[in-house]
Each structure stands twice: as C-alpha cells, then as structure tokens.
Amino acid sequence: MTSSVPFPEPTEPVVSRHEVFLGYLDYFRSALVSKLEDLDEEELRRSRLPSGWSPVELLKHLRYVELRWLEWGFAGREVADPWGDRRADRWYVAPEETLADLVTALRAQAATSRSIVEAHDLTDVGQPGQRWEGTDPPQLERVLFHLVQEYARHLGHLDVVRELVDGRAGE
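Just so we're aligned: 305 in my numbering is position 160 of the sequence shown, and the numbers increase by one with no gaps anywhere.
Since the hints were made in silico from the structure, they are not lab data. Please read these numbers as outputs of a predicted model, since none were measured by experiment. Hints are supplied without guarantee of correctness; some may be wrong.
What the hints assert, rightly or not - Taking CB as the label site, the calculated pair distances span:
(1) V165 to P273: 19 to 29 Å
(2) V160 to F290: 17 to 27 Å
(3) F152 to T249: 19 to 29 Å
(4) A297 to R252: 11 to 21 Å
(5) G279 to D234: 13 to 23 Å
(6) E186 to S149: 19 to 29 Å
(7) T268 to E186: 43 to 53 Å
(8) T268 to R222: 28 to 38 Å
(9) T268 to P240: 37 to 47 Å
(10) R222 to E286: 11 to 21 Å
(11) L309 to Q284: 37 to 47 Å
(12) E187 to W277: 37 to 47 Å
(13) Q272 to L309: 34 to 44 Å
Where a beta carbon is used, it is the ideal one built from N, C-alpha and C, also for glycine.
Start from the sequences, fold in the hints, and give me the full structure.
The following block contains the structure:
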C-alpha cells in the first residue's frame, strides 16, 4: 500500500509555488489509489462507518471535487453534471462503475486540473458562475488550498477504513 508518487518533502526544492500544490495533489491521488487497489470488490463497495460511504464512493467524490472547484468553478467551463458523484444527497457509484473506470476518470481529471493550474497565476481570480452561488469567485491559490485540505482530510478517513478492514494503518 505504497503511493507510487513520493511525498513532496518540504525540504525538496521546487521550481514554483504551482508545483508545490500540484505535487501534493499528485501525491494524494496516488496514495488514494494505492489504498484502494488491493481491496476486494466487496470491501470497495462496503461502508464500515456510520456515515455510510464506501471507498469507491470516496474516490468518485474526490474526482468530482476537483471538477467542481477547478474546471466548473475556477475555469468556468460548462460540465454536464457537476454533482455526478451524488444521488439522493449521498455519494453514489453505480454498480457497473469499476475501480479501474473510476481511477481512469480521476487521472483524466488530474490532467485537466494540472492544465488549468499551469495556465494561470496563483493570484488569478476564477470565473463568475453557478459554482459560487452568487459570491465572488476565489483566487486560484485559495482553490488549491481547499483541494489539498480536502484530499488530506479524506485520506485520513480512508486510513481509518483500511485499519478497520485489515489492520493496515496509514501514515
């Protein structure tokens, strides 16, 4: 259960602040996939927590978080269903959606996110739109801070689930 992307150590030099954010997001995505790859289908779709979410639902949710905050929100792009990770006000993964499908979608979203981030300065303000529900859009840096905390928080949740499944504790 080792991430294929090394942890972005704070002492390692980077070429830009963009790369700090992108490095952490790459690491968190890789850690997420690593924590799910060796779970069997039953454990991927089973909830071990009172809140009721399953590991694959978390994976799909994080992909949509990126879509909502960077693609639909910051970049102001039209997306078919920005809330496609939800059904009846809960996270949802259809029975025919596989782990491989969801990982492929996460990786595609990561590439889109990277292209958006690399095309902007961190002080650039997002496009006005429905995502912001009438408030002023934030700067890119604030969006990226939000995404980093979202991934970190949810990977901590997934560490608890993995420990309940097989005793493997996260970092």
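Quick check: does the Cβ-Cβ distance between V160 and F290 fall within 17 to 27 Å? 19 Å, holds
>> Quick check on a hinted range of 34 to 44 Å for Q272 and L309, using CB atoms only.
In response: 41 Å, holds
message = Against the range 13 to 23 Å, how does the distance between the Cβ atoms of G279 and D234 compare: consistent or not?
response = 21 Å, holds
**Prompt:** Is the gap between the beta carbons of F152 and T249 within 19 to 29 Å?
**Reply:** 24 Å, holds
In this structure, is the beta-carbon distance linking A297 and R252 contained in 11 to 21 Å?
Since the Cβ atoms of A297 and R252 sit about 19 Å apart, the hinted range of 11 to 21 Å holds.
For L309 and Q284, compare the CB-CB distance with the range 37 to 47 Å and indicate the outcome.
38 Å, holds
CB of T268 to CB of R222, is that within 28 to 38 Å? Given range 28 to 38 Å: violated, Cβ gap about 20 Å.
Is 11 to 21 Å respected by the C-beta to C-beta distance linking R222 and E286? Holds - the Cβ-Cβ distance for R222 and E286, about 20 Å, lies within 11 to 21 Å.
Exercise for review: Could you check the hint for me, namely that E187 and W277 are 37 to 47 Å apart, CB to CB?
Suggested key: 40 Å, holds
**Asked** Is 37 to 47 Å right for how far apart the beta carbons of T268 and P240 are?
**Response** 44 Å, holds
Does the hinted range 19 to 29 Å hold for V165 and P273 at CB? The hint (19 to 29 Å, Cβ to Cβ) holds, given that V165 and P273 are roughly 27 Å apart.
Taking the Cβ atom of E186 and the Cβ atom of S149, is their distance within the range 19 to 29 Å? Holds - the Cβ-Cβ distance for E186 and S149, about 22 Å, lies within 19 to 29 Å.
Of the numbered hints listed earlier, the single one contradicted by the structure is hint 8.
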